[in-house]
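Letter by letter, the chains look like this.
Number of protein chains: 4
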Amino acid sequence: MSQLQPSSRPSTGESLDARYDTVRSLSEALAAPLSDADATIQSMEDASPAKWHLAHTTWFWETFLLRDRLEGYTLFDERWPFVFNSYYEAEGERIHRFSRGMLSRPTLEEILAWRAHVDAAMEPLFAREDLAPLIELGLSHEQQHQELLLTDIKHGLFQNPLGAAMWDAPAAAAQAQPQEWHEHPGGIARIGHQADGFSFDNEGPAHRVLLEPFALSSRLVTNGEWDAFIADGGYDTASLWLSDGWAWVREHAVGAPLYWREGEHFTHSGWQPRDPDAPVTHISYFEADAFASWAGQRLPTEFEWEAIARGQEGQAQAHDPCGGNQLDDAAPPLPRGSEGLFGDCWQFTRSAYLPYPRFKPAAGAVGEYNGKFMSGQFVLKGASCATARGHSRSSYRNFFYPHQRWQFTGLRLAKDI
Amino acid sequence: MSQLQPSSRPSTGESLDARYDTVRSLSEALAAPLSDADATIQSMEDASPAKWHLAHTTWFWETFLLRDRLEGYTLFDERWPFVFNSYYEAEGERIHRFSRGMLSRPTLEEILAWRAHVDAAMEPLFAREDLAPLIELGLSHEQQHQELLLTDIKHGLFQNPLGAAMWDAPAAAAQAQPQEWHEHPGGIARIGHQADGFSFDNEGPAHRVLLEPFALSSRLVTNGEWDAFIADGGYDTASLWLSDGWAWVREHAVGAPLYWREGEHFTHSGWQPRDPDAPVTHISYFEADAFASWAGQRLPTEFEWEAIARGQEGQAQAHDPCGGNQLDDAAPPLPRGSEGLFGDCWQFTRSAYLPYPRFKPAAGAVGEYNGKFMSGQFVLKGASCATARGHSRSSYRNFFYPHQRWQFTGLRLAKDI
Amino acid sequence: MSQLQPSSRPSTGESLDARYDTVRSLSEALAAPLSDADATIQSMEDASPAKWHLAHTTWFWETFLLRDRLEGYTLFDERWPFVFNSYYEAEGERIHRFSRGMLSRPTLEEILAWRAHVDAAMEPLFAREDLAPLIELGLSHEQQHQELLLTDIKHGLFQNPLGAAMWDAPAAAAQAQPQEWHEHPGGIARIGHQADGFSFDNEGPAHRVLLEPFALSSRLVTNGEWDAFIADGGYDTASLWLSDGWAWVREHAVGAPLYWREGEHFTHSGWQPRDPDAPVTHISYFEADAFASWAGQRLPTEFEWEAIARGQEGQAQAHDPCGGNQLDDAAPPLPRGSEGLFGDCWQFTRSAYLPYPRFKPAAGAVGEYNGKFMSGQFVLKGASCATARGHSRSSYRNFFYPHQRWQFTGLRLAKDI
Amino acid sequence: MSQLQPSSRPSTGESLDARYDTVRSLSEALAAPLSDADATIQSMEDASPAKWHLAHTTWFWETFLLRDRLEGYTLFDERWPFVFNSYYEAEGERIHRFSRGMLSRPTLEEILAWRAHVDAAMEPLFAREDLAPLIELGLSHEQQHQELLLTDIKHGLFQNPLGAAMWDAPAAAAQAQPQEWHEHPGGIARIGHQADGFSFDNEGPAHRVLLEPFALSSRLVTNGEWDAFIADGGYDTASLWLSDGWAWVREHAVGAPLYWREGEHFTHSGWQPRDPDAPVTHISYFEADAFASWAGQRLPTEFEWEAIARGQEGQAQAHDPCGGNQLDDAAPPLPRGSEGLFGDCWQFTRSAYLPYPRFKPAAGAVGEYNGKFMSGQFVLKGASCATARGHSRSSYRNFFYPHQRWQFTGLRLAKDI
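Protein chains in written order, with the UniProt record's numbering: chain A, 1 to 417; chain B, 1 to 417; chain C, 1 to 417; chain D, 1 to 417.
The hints are simulated quantities; they were obtained by calculation from the structure and are not laboratory data.
The hints are all genuine.
If several chains are the same, the list does not tell them apart, and a pair holds so long as it fits within one copy or across any two.
Calculated cross-link-like contacts (lysine-lysine; reagent style DSBU-like; alpha-carbon spacing at most 35 Å):
id, residue 1, residue 2
1, Lys360, Lys415
2, Lys372, Lys360
3, Lys372, Lys415
Since the structure is predicted, the reported quantities are computational estimates derived from the model, not experimental observations.
Next comes chain A alone, as it looks inside the complex (with noise of 0.2 Å):
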């Protein structure tokens, strides 16, 4: 188990090599406390091992800038593409899904040095102007991964009846939040990303939107009302739940969030006291639209959520506005609570996750990407404690599936005024 490894923060200001590098070495330092075999295993079809992530990545520089744009490049591996590519959807083209967790080979060890080699090789790349963007989107490309291993190694270590944890339990506590009110008078609010940073496509065209009045709460529902909601019964009271919420439940016997067990919630630290005043985390859909009928409000829609996070953005930076708990370094993620909308927790909307108005995917395997998930998932906003700092901001559109509860989710209560 590896003591917590303090890292700077990324500036935004950083150039592009400099923030490649950082990136970069913040996942090996994810998963520098993971062994081969820890590094190997898959627990479930929508996680990957942490091995893949590494790879993965890598992949992608190889083969959308070594590959397409540098003259000469040759591959590390050319069996490897096939392996570690997750795109094509063509029959045969990649390995199941769920066999991922079959690859210990190449070794953690080979899959570093693919990395390293890599690297080295990106070096001219970065004076070229014309690669910006697409550096810019494997970036947010790793980034998204970093997130993925976290959670995926989380899943995975869970696994483990011994209690398997990856790094010492953090010393800081989370601190009460008061439960206040951002009010929004309603009226046409401009939706989707409109900046010159960088985005995905899903986030644009950028568009406006009428809202009705309505209150997002100052913070997240934490722990310690999650357990009210059990202790009230809301896991056995039919009238909350969404028809396809009550038949998971039911199926699953479900009667509490991913991870928790007496008093204790499993972390990347192994079974942690549970601590009441933090925000409740790995929750899915169902509960959490259950648990808003509950308290007699609702969950906000995307655009409710964007809007009062735009109101905020004058106060502070364009990206992450007020300074919650996200990934800064390789430290054990854990949702400790802030005054902010952004980090600790995703939080569900109640929006499902559609194309904006005049969205056109991205042309070629690059845009093969976000404009095919857009059915059956709801959206999710802000950041966990889990996403990368540089990774967030107002526009961004996390989506999942409303039974999926592995990631840091969470949810931030709305009400009509």
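Please arrange chains B, C and D on chain A, whose structure you already have, making use of the hints.
What follows is chains B, C and D alone, placed relative to chain A:
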């Protein structure tokens, strides 16, 4: 096989008791060609036996009107509510959905006797003004089940390798419709039920949405166009499909709409030649979306569809603005095309089925109805050839999961302008 | 619900055409209390609709006798053989087994008309001596399906929460039988069919086996004894169970024989009180084996059972040596106990269903019958209360998978001496 | 990839502690080419990780010898018995079988340390005569797991699209064996373990069976003969297959033995050319039975096989009468053929795995071993190239379900004479 049974079209000016008679009679006329055995079979969990529809609608009247509002009423058979109740979720209170096909008892004849008994008992209640809204709800509920009865029995008869039919084939052919576009300049549109008449809870509250300029096709996509999609490899081209859609196509080896075989399709009149000019039907959301991508266009949102429909209502009556092909009497439902927005097929929109702002489900058991299905489904607009004519209106929101296609589902293209 | 229909017991001295009439009439008498809808339902893949049994047996006569051996015979309906053929395996040639419950057409009435037509056409064939063996086979085949018709419709009616019945409850009560032991000194025993009469291919060739000394109980295990097994925690004690059996118990939460509820069991006469002196029935091999372990004894082998049965045949007629409770007429089958080895319940042996030495399946489609099931199943001996009386003999080998229990299955203990 | 590691063949004259050393060392030598990650993966529920086999065998010694019989012994890690115990069935006491692949902790190194600790602690126990039978059982148990370690890791490495290997390919080629027949006149044969040495409980009690005259092939069926079976449409001919076998072929689209692809098969040395003269292996009972039908012959019974083997034992040593290809050291196991009955492949018999007359399982946890698997499986005789040489004898009864084929399974034909 029975002959077409002409019946008069329901006039909206009819008295409540006359409309009750009309609706109840139509339910029985639809089942008239069916034997007790036909009316007993259940071909999949999504479908229910015809007998069950006849009984469940009767249970609604007996429970919410006679039992709760008519003093001294005695249940026809006190064991039947348990069997024909689809609502309450608490465990053990109703039989598992896929066991409905085991109800060889009570017989069709016994259920028709129950219907007659309930109809007679209803007589005194039509005079009570306070009950009119609940009676309206019961009528709409029974009309919904008329449509399900037709689509469910079609699916059941389809399982029979002998090509079972329940009506003679209709003589009328489809008429090719010219492709034109209803353009809309965008801006604020009023959405949701706002008139005096009946509506379901999910059609409100009325509210405003902001639209971008767009155009909506004047006609539905046809069988002939779908043949071209197939011929062009539509079902084999991953890039046209949503990720979940592609998984569905591969898992179920889907290569055509439901009920299609070489040159023919299965209808309530058995296997019949397919008319290239008729609207395509029995497609899933996944197929509709892939077709639209292939055609270089897109599906409309529910708001776009409703905005065009409201624009046309000035020129037409409130219900059924366009005189399309709907369920007027006990005849084989079959899409034939029309100039209007309504009729022939339910039309997939790209809008997820979600609550409107400030939506509150109705209280009590009757309210456990629409709100609880608000995850994972898409909204369909219009009405199909199996939709009772009085049952369509601009604000009506039908909803199905993106893989379902045993309803008369089709598509109308939209585009940005 | 129909009254008991007395009928004469089939005499083995009857002529072939008289026996044909008796067997065919009994099939129809068994189905007489059923409506077309009752006769259409199929409750699981293992079961078939009553209508299907009536049709399939008729298909046998029409195909192998009339079509193949009667010049000029025209099929009653040329589309029906496809639907009612259970034999040929080549893909696409017959409908999927679990779709039999979708055959609302043809109607029960049409199938009865087919039966009458075939019966009339069979008339000239009884005089042809060369056809006698095939006709014998057809009679045995139809008798097998009589038993399946009874057990399948019992399972179907059981699904109905209204407790559907098809006969009034019989008056006769069970008689407690004293527990005695038939001892056998071991040594070489002759096994397999060796007399002149009809047998299935799997009953031969006759051969010798070597037995150790053993004893076989004079009576079947009773409901009362099973109550004691349950009360003693039999279903909760892993050490009593085979590994596959324990997995089955846990997966399906099995805690009692099929059709049991508090103090009652489901019968062809609906829910009835359970008689503690009656033989226990509707148990799986797993349950039978666990009970025997709990009782400190074991199941007999098929050879031990047959050796005792042959020893008794000197004292009795070849078929049905002991006059037990079998299917004599269209009455509710119900185990009541007897002094004999045959009747009441099929008795699980610990012998796997495997070929006898030098076994060769009969050639042709008729031969695709017993041999192909020789993996994974266990042999049952005796006969049940639903077995046509003429259909039992010492060499008869019934066989089912160890988890199946919708047949009238029970157990008779054995022990080493 | 490691080179072949020569080791001396275990001599039956060795002392118990020398044999303990030999067996324990071989387990570690077999795992020596594996990384911690290789030793962690689990490819299916039937298989276990290599690490688990190393740990589970150690658990056996620590539990039944050290904990129970050595005063003052302290468990190496008290949390590990729970994780590496495969025996006790009571719920909650051991982890779900398919979660074994999540055990990235403890590491391979930690498990090897455990092994060394246990080996050292065992030292004083070899002198205790009363423990010799239990130590013999432990050795046989560990030898069984050596074979499983080899077949399980083969299946695991096979999942890797990179063709992972753990040893260099062996040089030795197969030698074509002439087809001859061992004839047996029938009569009474003695079956079951009757000598002094070690045996499992299921090999007894010794008893007599009556055999018909038969002949057993002098050699195993080869890859070349299997090619002919395929070429003749063996996998497409329903009449050759058992009913369950045909369903299995269709459901899984089986068309060749496991691990075959065009001209090659997967081995512990990766993909290698297939030798037509080598015995075919990795086939299911269903395939073996279908091949025998196609060849116009049949599989032997377990008694026939044993009777021939006993006849040969006069000419050879009690164990391993014929010097076939078995596991002598840490080298890639590969069938090459021999004149003997033992070695190369386990040979399917047509005998179901059932108790011998008067069989009683051993008492206690150790006894929960063989008896509980006596349903649904078939007996295999002989030994495979992955079976430790000292681990084979005429009375040995291996057993698998008829669809399983990840073991080195093959067939030897028999016929009636």
